[in-house]
Amino acid sequence: MTNTTLSNEEIRRYSRHLIMPEFGMQGQRRVKEGSVLLIGAGGLGSPLALYLAAAGVGHIGLVDFDVVDESNLQRQIVHGTSTLGIRKTESAKRRLWDLNPHVEVTTYEEQITSENAFELLRPYDVIVDGTDNFPTRYLTNDASVMLGKPNVYGSIFRFEGQATVFHPKAGGPCYRCLYPEPPPPGLVPSCAEGGVLGVLPGVIGTIQATEAIKLIAGIGEPLIGRLMLYDALAMRFRELKLRRNPECPVCGDHPTVTELIDYEQFCGIIPEPAQTDASYEITPIEVAAWLKRDDPPFLLDVREPNEWEIGHLPGATRISVNELADRLGELDTAREMVVYCRSGVRSGRAVDLLRGTGFRKVKNMIGGILRWSDEVDPSIPKY
Amino acid sequence: MAVTLSIPTALRQYTGGAAAVTLASGPVGQLLANLVEQHPQLGKQLYNEQGQLRNFVNIYVGDEDIRYLQGPDTQVPDGETVSIIPAIAGGN
Numbered sequence: 001m002t003n004t005t006l007s008n009e010e011i012r013r014y015s016r017h018l019i020m021p022e023f024g025m026q027g028q029r030r031v032k033e034g035s036v037l038l039i040g041a042g043g044l045g046s047p048l049a050l051y052l053a054a055a056g057v058g059h060i061g062l063v064d065f066d067v068v069d070e071s072n073l074q075r076q077i078v079h080g081t082s083t084l085g086i087r088k089t090e091s092a093k094r095r096l097w098d099l100n101p102h103v104e105v106t107t108y109e110e111q112i113t114s115e116n117a118f119e120l121l122r123p124y125d126v127i128v129d130g131t132d133n134f135p136t137r138y139l140t141n142d143a144s145v146m147l148g149k150p151n152v153y154g155s156i157f158r159f160e161g162q163a164t165v166f167h168p169k170a171g172g173p174c175y176r177c178l179y180p181e182p183p184p185p186g187l188v189p190s191c192a193e194g195g196v197l198g199v200l201p202g203v204i205g206t207i208q209a210t211e212a213i214k215l216i217a218g219i220g221e222p223l224i225g226r227l228m229l230y231d232a233l234a235m236r237f238r239e240l241k242l243r244r245n246p247e248c249p250v251c252g253d254h255p256t257v258t259e260l261i262d263y264e265q266f267c268g269i270i271p272e273p274a275q276t277d278a279s280y281e282i283t284p285i286e287v288a289a290w291l292k293r294d295d296p297p298f299l300l301d302v303r304e305p306n307e308w309e310i311g312h313l314p315g316a317t318r319i320s321v322n323e324l325a326d327r328l329g330e331l332d333t334a335r336e337m338v339v340y341c342r343s344g345v346r347s348g349r350a351v352d353l354l355r356g357t358g359f360r361k362v363k364n365m366i367g368g369i370l371r372w373s374d375e376v377d378p379s380i381p382k383y
Numbered sequence: 001m002a003v004t005l006s007i008p009t010a011l012r013q014y015t016g017g018a019a020a021v022t023l024a025s026g027p028v029g030q031l032l033a034n035l036v037e038q039h040p041q042l043g044k045q046l047y048n049e050q051g052q053l054r055n056f057v058n059i060y061v062g063d064e065d066i067r068y069l070q071g072p073d074t075q076v077p078d079g080e081t082v083s084i085i086p087a088i089a090g091g092n
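Just so you know, the sequences run in chain order Y and R. Residue numbers for the first sequence follow the working numbering, beginning at 1 and rising by one. Residue numbers for the second sequence follow the working numbering, beginning at 1 and rising by one.
Calculated from the structure, these hints are not laboratory results. Some hints here could point you the wrong way.
[Stated by the list, open to error] Simulated crosslink set (DSSO-like; lysine-lysine; CA at most 30 Å straight-line):
| # | chain 1 | residue 1 | chain 2 | residue 2 |
| --- | --- | --- | --- | --- |
| 1 | Y | Lys292 | Y | Lys241 |
| 2 | Y | Lys361 | R | Lys44 |
| 3 | Y | Lys241 | Y | Lys149 |
| 4 | Y | Lys361 | Y | Lys93 |
| 5 | Y | Lys241 | R | Lys44 |
| 6 | Y | Lys169 | Y | Lys149 |
Build out the structure end to end from the sequences listed, making use of the hints.
What follows is the structure, given as structure tokens:
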């Protein structure tokens with residue numbers, strides 16, 4: 001039983017919780033005493049932060065080092081046009097303060113790393129993973145397991161989402177039981193590359209918020225040992241069974257990973273400079289000048305058809321990076337070639353592939369369409 | 001007699017956009033081999049260089065992971081759904 005009291009003002013605010021016998025004063029007091037750390041204040045973090053604050057979670061921590069960008073507002077509903085360009089933590093804090101001043105919000109304008117993870121997680125009862133990359137997801141998992149804290153997991157891609165609660169201390173599995181290893185970089189696209197339906201993180205983030213509130217209120221049946229799958233296009237929910245793997249290197253019976261590791265390395269991410277060779281690169285300004293000469297290069301656009309429709313360079317030919325290996329016959333090895341995509345990542349992969357198969361006169365336009373729009377032709381939209 | 005293989009969004013680019021593929025029933029390993037035969041580009045996504053299922057791709061028969069059934073030898077009953085569930089990391 002908890003000693004926390006609710007003021008009359010709080011009782012009015014939370015009355016719809018208090019009149020439910022399953023929740024009641026006890027549930028609300030526990031929620032007020034509870035603390036939740038949100039890792040990521042973006043797509044998933046937005047509805048999470050809003051609902052946790054509205055529900056009266058006593059202490060909310062927000063970890064994010066990014067700033068609010070126009071392209072975030074299609075889904076990151078805690079932010080707004082008035083907070084464009086400011087830190088997401090600060091933007092979210094302002095909104096949460098307006099929503100519920102009874103809630104304490106602590107912001108961390110930093111990236112979670114193996115060095116600071118324990119310090120960040122330790123003060124909180126429940127950890128919520130709303131990040132957007134594999135290294136941070138494995139780090140959040142391992143740190144949560146080692147500290148014995150529940151990790152409310154959600155992830156999204158295009159029209160599909162997954163959610164579950166990892167909690168080995170309560171007998172459930174962890175992220176590594178589900179996926180022992182991450183995919184190699186480049187095989188699974190990110191939201192920035194693959195796109196995401198704006199309301200999708202709303203659905204998945206709200207499931208995570210529900211689970212976090214249930215955990216701290218001590219009510220209901222948590223989503224432990226079950227993976228919830230959501231397909232927005234088919235409008236279908238499914239549930240799969242998850243089991244703790246006794247051989248799991250982190251939460252298994254004989255763990256072999258007992259301290260935090262280098263997660264970038266674990267996920268096969270090689271630091272940028274080692275990966276790129278400057279002689280394979282060309283800037284948009286150099287490409288623009290070259291196109292005006294009488295020996296213009298062949299321009300290869302490796303994006304998807306819907307991206308091409310948004311805008312493309314004049315005279316370019318499009319072959320998506322995923323089809324490239326099968327369509328090499330359409331390209332001329334003897335001709336100078338410049339490859340581009342949205343930001344330069346996929347075209348970098350395409351250049352590696354082409355160079356590896358005998359194309360020697362290939363360059364990657366660094367910064368892609370985004371930089372072209374900034375430096376050469378602003379009439380081509382950035383997206 | 002047939003079973004349904006459901007293809008996740010992330011892999012639909014390798015199945016010509018198909019969200020589900022219907023195949024004759026059999027052991028799950030055989031079903032996946034038949035799927036890859038129809039859509040060869042899927043092979044690299046599902047299997048590593050040693051021909052084993054990749055660790056970030058889980059295969060479910062109904063609601064159960066084949067790792068906790070009989071692996072690729074798991075028989076898929078008629079009318080059942082086989083799901084390919086890859087790791088996704090998006091959240092932003």
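query = Hint by hint, which ones does this structure get wrong, listed from lowest number up?
reply = Numbers 1, 4, in rising order.
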